[in-house]
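Visitor: Sequence:
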Amino acid sequence: MCFPPVSFTMMDRYSTGVPQMEWPALSPDLNPIENLWDQLSRRVEARSSVPQNLNVLRAALQEEWDAMPQQTISRLVNSMRRRCQAVIDAILYSLLALHTLTDTGQF
4 MCFPPVSFTM MDRYSTGVPQ MEWPALSPDL NPIENLWDQL SRRVEARSSV PQNLNVLRAA
64 LQEEWDAMPQ QTISRLVNSM RRRCQAVIDA ILYSLLALHT LTDTGQF
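Numbering of the sequence shown is given in the numbering used here, commencing with residue 4 and proceeding in unit increments.
Since the hints were made in silico from the structure, they are not lab data.
Quantities reported herein were computed from a predicted structural model and do not represent experimental measurements.
Even glycine gets a Cβ: it sits at the ideal position worked out from N, Cα and C.
Be careful, since some hints might not be right.
Said to hold, decoys possible - Between beta-carbon pairs, the in silico distance windows are:
{"no.": "1", "residue 1": "103", "residue 2": "52", "range": "57 to 65 Å"}
{"no.": "2", "residue 1": "34", "residue 2": "72", "range": "19 to 27 Å"}
{"no.": "3", "residue 1": "99", "residue 2": "36", "range": "25 to 33 Å"}
{"no.": "4", "residue 1": "77", "residue 2": "49", "range": "18 to 26 Å"}
{"no.": "5", "residue 1": "97", "residue 2": "52", "range": "43 to 51 Å"}
{"no.": "6", "residue 1": "69", "residue 2": "30", "range": "24 to 32 Å"}
{"no.": "7", "residue 1": "49", "residue 2": "101", "range": "42 to 50 Å"}
{"no.": "8", "residue 1": "77", "residue 2": "98", "range": "32 to 40 Å"}
{"no.": "9", "residue 1": "61", "residue 2": "101", "range": "43 to 51 Å"}
When you get a sec, could you build the whole thing from the sequences and use the hints?
Guide: Dropping the structure here:
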């Protein structure tokens, strides 16, 4: 089986035995803090009184951050392996599909 040159570059990078991760731009799936910001925002919005100025908002954010269950943060951290693997699988699937299309003359 022959793969496009980009695959060899990727395989060469990972054959060193040192795991590397390139951080894709604009990829909230691989940026767990985005999930935490969303939860934090929802918690502040769910309060009985909406913060009316920056100081009150800062205090509300700090209170909600401090009240964020450690389990929530741990779950997000522990999900990173699965999230990264899903992205890698999607890239490899795309490369294989491109290779198949190229070999069959459909591309």
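Visitor: Determine for every hint whether it applies to the structure shown.
Guide: Hint check:
1. As the Cβ distance of residue 103 to residue 52 is approximately 58 Å, the hint placing it in 57 to 65 Å holds.
2. Between residue 34 and residue 72 the C-beta distance comes to about 20 Å, which sits within the given range of 19 to 27 Å.
3. One distance hint, 25 to 33 Å for the beta-carbon pair residue 99 and residue 36, holds here, with the actual separation near 32 Å.
4. The hint said 18 to 26 Å for the Cβ distance between residue 77 and residue 49, and at roughly 22 Å that hint holds.
5. Distance hint check: the CB atoms of residue 97 and residue 52 are about 48 Å apart, consistent with the given range 43 to 51 Å.
6. Distance hint for residue 69 and residue 30: a CB-CB separation of about 28 Å, consistent with the stated range 24 to 32 Å.
7. At roughly 46 Å, the beta carbons of residue 49 and residue 101 sit within the given window of 42 to 50 Å.
8. Range check, residue 77 to residue 98: Cβ separation about 33 Å, and the 32 to 40 Å hint holds.
9. Look at residue 61 against residue 101: about 49 Å separates their beta carbons, and that is inside 43 to 51 Å.
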